[in-house]
Structure formats: structure tokens, C-alpha cells
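Participant: This is what each chain is made of:
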Amino acid sequence: MTGEQFKITKHREIHRAFRAAFPHTIPIFAGFWFLGLTYGVYMNVSGFSFIYPMLMSVTIFAGSMEFVTVNLLLGAFNPLQAFAMTLMINARHLFYGISMLEKYRGYGWRSFYLIFGMCDESFSINYTAMIPKDIDKGWFMFFVTALNHFYWFFGAALGGIFGSLIHFDTEGLDFVMTAMFVVIFLEQWLKEKNHVSSLLGLALSLICLIAFGGGNFIIPAMLAILFLLTVIRRPLEVRIGLSADIAKKTEKGGEQP
Amino acid sequence: MTVAQQVITVAVVVLATMLTRFLPFLVFPAGRPTPKYIQYLGKVLPSAVFGLLIIYCLKDVSIFTGNRALPELISIALVIILHLWKRQMLLSIAGGTVCYMLLVQFVF
Chain G
1148 MTGEQFKITK
1158 HREIHRAFRA
1168 AFPHTIPIFA
1178 GFWFLGLTYG
1188 VYMNVSGFSF
1198 IYPMLMSVTI
1208 FAGSMEFVTV
1218 NLLLGAFNPL
1228 QAFAMTLMIN
1238 ARHLFYGISM
1248 LEKYRGYGWR
1258 SFYLIFGMCD
1268 ESFSINYTAM
1278 IPKDIDKGWF
1288 MFFVTALNHF
1298 YWFFGAALGG
1308 IFGSLIHFDT
1318 EGLDFVMTAM
1328 FVVIFLEQWL
1338 KEKNHVSSLL
1348 GLALSLICLI
1358 AFGGGNFIIP
1368 AMLAILFLLT
1378 VIRRPLEVRI
1388 GLSADIAKKT
1398 EKGGEQP
Chain B
2 MTVAQQVITV
12 AVVVLATMLT
22 RFLPFLVFPA
32 GRPTPKYIQY
42 LGKVLPSAVF
52 GLLIIYCLKD
62 VSIFTGNRAL
72 PELISIALVI
82 ILHLWKRQML
92 LSIAGGTVCY
102 MLLVQFVF
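Chains G and B supply the protein sequences, listed in that same order.
Numbering-wise, the first sequence is residues 1148 to 1404 according to our numbering.
Numbering-wise, the second sequence is residues 2 to 109 according to our numbering.
Excised from the complex, chain B in its bound form:
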């Protein structure tokens, strides 16, 4: 690829990314009332999306080969326990991450 072609490729990626971010705001402008169905989606979608994002983070974990999913499961369980116990976001995240790092570096 020439430099010009590289610039065009990156520009296209930027444009398409911005399209996915700005489109809802352009389709449903501020002045007009947003359709009830979209308002409903705006309310219920985030919960589902957070679930999707967890699975997205785990997409490369192979459940079926060896015990590779164990460090993930143990660390996620620790995150949940820590969070339900103290409800300190940073503590839960740091605790789970340190646990995971120790597990993948020394145990598994």
C-alpha cells in the first residue's frame, strides 16, 4: 500500500467508527420526541450490553481445552465476592486482576 492508500484506509475506518457513534443522535434529533420504542430500548439495552461486554472480554477463553477457563472463573468469582462484600469498585477490580495474574503466571 502507498502512504496515500494507507491514509484513505485509516480515514475510512475513522469515518465508519464515527458513523456508528453519531448515527443514533442524528436519526433521533433533540427537538423531536424520541419514539417510545427507542426510549424503551434506551432503558433496557444497557443491562444486556454489559452482559454482552463480559462475554466479549471472555471470547478468547477456550472452555473446552484443558483448564484454561479456570483462572477466569476463579477470578470473576473473587471480583463478585469482593464487590458484594465491600462495594469498592477499585478494590474489586484490583483484587480480581492480581488474583488472575498470580494464577496464570504461577499456577496454570
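Chain G with its partners taken away, still in its complex shape:
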């Protein structure tokens, strides 16, 4: 293959990965555009120049934390508190990283970007999406992450610039995120042979939400999930192993996981 041909093939490969990734991000477009806009407007009415939401949406790229940062900026200067709060609010990323150790490795600079941009939504799509065999996985995941990153930036910048001028009845549009996570949960549910972990995640989070309230339930919920999954490791491993064997026998050469 000549250099020119190689370039064309490579170009086509990237283009196809983009076309495969884009539909997966459409719900995020709706959600991020709206939430980003809300965030930008919030910064605007809090008295910050549009430069702030623009830069923060690109560098932090963690939705709920950016809202919290607005409050931090309005309060007294306390970097230690900012550090501790960020660690707590974003601790769930640790779970994502552990789950993505294998999937996100081996793509060079793209790996770095995939980890940098690992928000809830990009993680969820990249973990569950059935990427067709002829599509380059690295580029697919790259575009999912980059598109989501762009939507968020786009909304935040728009909200920051036009701020108080914007007024429309989009009440309830934020449900698009809930709907997306329900679908992703359901997809995972239909794919897995054993539902213990899914049920534990729902039940323990709900219990912790009721016990600790909306602002503080994530860390206790994570600890409870981690603890129980550790306790039931042996029996669960056996079950997963067994059901995987049965699955292999019944559906030969089925879909890729």
C-alpha cells in the first residue's frame, strides 16, 4: 500500500467511526445542550464573564461539579475545601476507571483524552455500546467523548454569552438524562445473565438516598455497593462463570459483549 492509499484508508476509517458514534450521542446533545445552557446562564446571573463557563466546561467537564464550583467561587477562598469537595463529588469516576482499565488502554494520545473526558455519559455509552466489528473501537470511543465534550462546551458558552436574554419553556427537558440512564441500565440488564449487581446498585443507592439525602448519598452508596460486592465475591464469581459457560453453549457466536 502506498502512503497516499494508506492515508485514504485511514481517513475513511475515522470517518466511519464518527458516523457510527454520532447517533449514540444524540440524546446527550439534547441533555448537555440544555444543562450546559443552564449552567452558562447560572454563571452569567452569578456575575461571571462568559469566559468562565467556556473555560470551565472544557477543563473540568464534570457537570454537577461545575455548578458547585460556581458556589465555591462566590464564597471565601479555600482551595483545600475545594479539593476535598471535588474528590467526594467525583469519586464515582474511580468506579468508571476500574471498569475501563482494559477498554481505554492502548490508543496512545486518544487513551489520555478518553480518560480526561470520562464523564458519566461518555463512560456509560462507551461501556455498553455494541461497536460493530468493522469499526475502529478507539476512534468510536474518541468521538463519543469528543462530541459529548463539545455539546457541553457549546451549551455552556451559549448560556454564558446570552445569559438572561434566553427564555423558553423547556421545563422537563432535563429528563432526557434520566431516560438515557434508564435505557442504558435496561440494555445492561438485557445483556447480563445475572442481575445481582444491577439490583444491588438500585436498592443500595435508594436506601442511601433516603437515609442521607440528595446531597450526601453518593459516597455512602458507593461504599455500600463496594462492600456488598466484595462480600458476595465468591458466590457471584461462580454464578457469572457458570452462566457465561451456559451462554456460550446456547448461542454460538452470538453478539459480541
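The set of hints was computed from the structure by calculation and includes no laboratory data.
Just so you know, not all the hints are guaranteed correct.
Examples of chain G residues toward chain B, derived with CB under 10 Å [claimed, not checked]: (1) F1153; (2) I1155; (3) V1192; (4) L1202; (5) A1229; (6) N1237; (7) G1244; (8) L1248; (9) I1278; (10) A1326; (11) L1346; (12) G1348; (13) L1351; (14) A1358; (15) F1364.
Glycine included, every Cβ here is placed at the ideal spot set by N, Cα and C.
Got chain G sorted already, so can you dock chain B onto it with the hints?
Facilitator: The following block gives chain B in isolation, referenced to the frame of chain G:
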């Protein structure tokens, strides 16, 4: 806060966020085999995390006051029904969201 203090605050938030994202990859480098326990967690955690994320989205819904949880419950039920019926991700999400918007704007 001065501009310098604001820059430091944002930088600290960025640093801490990146720490939560990069830490697992730094602690368990590519060359060495990942401990069996971590591999196990990597396999079983996502299902639980997706459950956590649903509850996270619903964290501001007050179950105990009035009928505020009804639009959520109805719309989630619709998402599930649509998805089990057609298994079209975009259709399920759009259907549920439109239903929710209609409910909160006109019904409740």
C-alpha cells in the same frame, strides 16, 4: 476573591477531577497484571453504577410531598415499555422525555 484566587480554585477543581479519573489507570499500570479482585470489580461494578446513576438523576424528586414523583414514574415506565417493545435507544429516550415534558407542563 481575586482573579488569581479564582484561577487557583478552578485549577484545584480540575486537578481533583482528573485525579478521580486517572487514578485507577496510574495505580494499575498496563504492564503488570491487574489484581483479580480489581478485575472482578471491573466486571460487576458497571451494572451497579448504572443503577446508582438512575437514582442520582432522581435525587431531587421528593417522594413524600404531593404527587411530584408521578411524572417521573410514569415516564420511566414508558421508557421501559418502549425500549422492551422496539429496542430503539433514541425512540425510548425521546418518547419518555416528551411524555415527561407534557406531564410537568400541562398535567401536574
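Participant: Among all the numbered hints in the text so far, which are the ones the structure does not match?
Facilitator: 1, 2, 3, 9, 14
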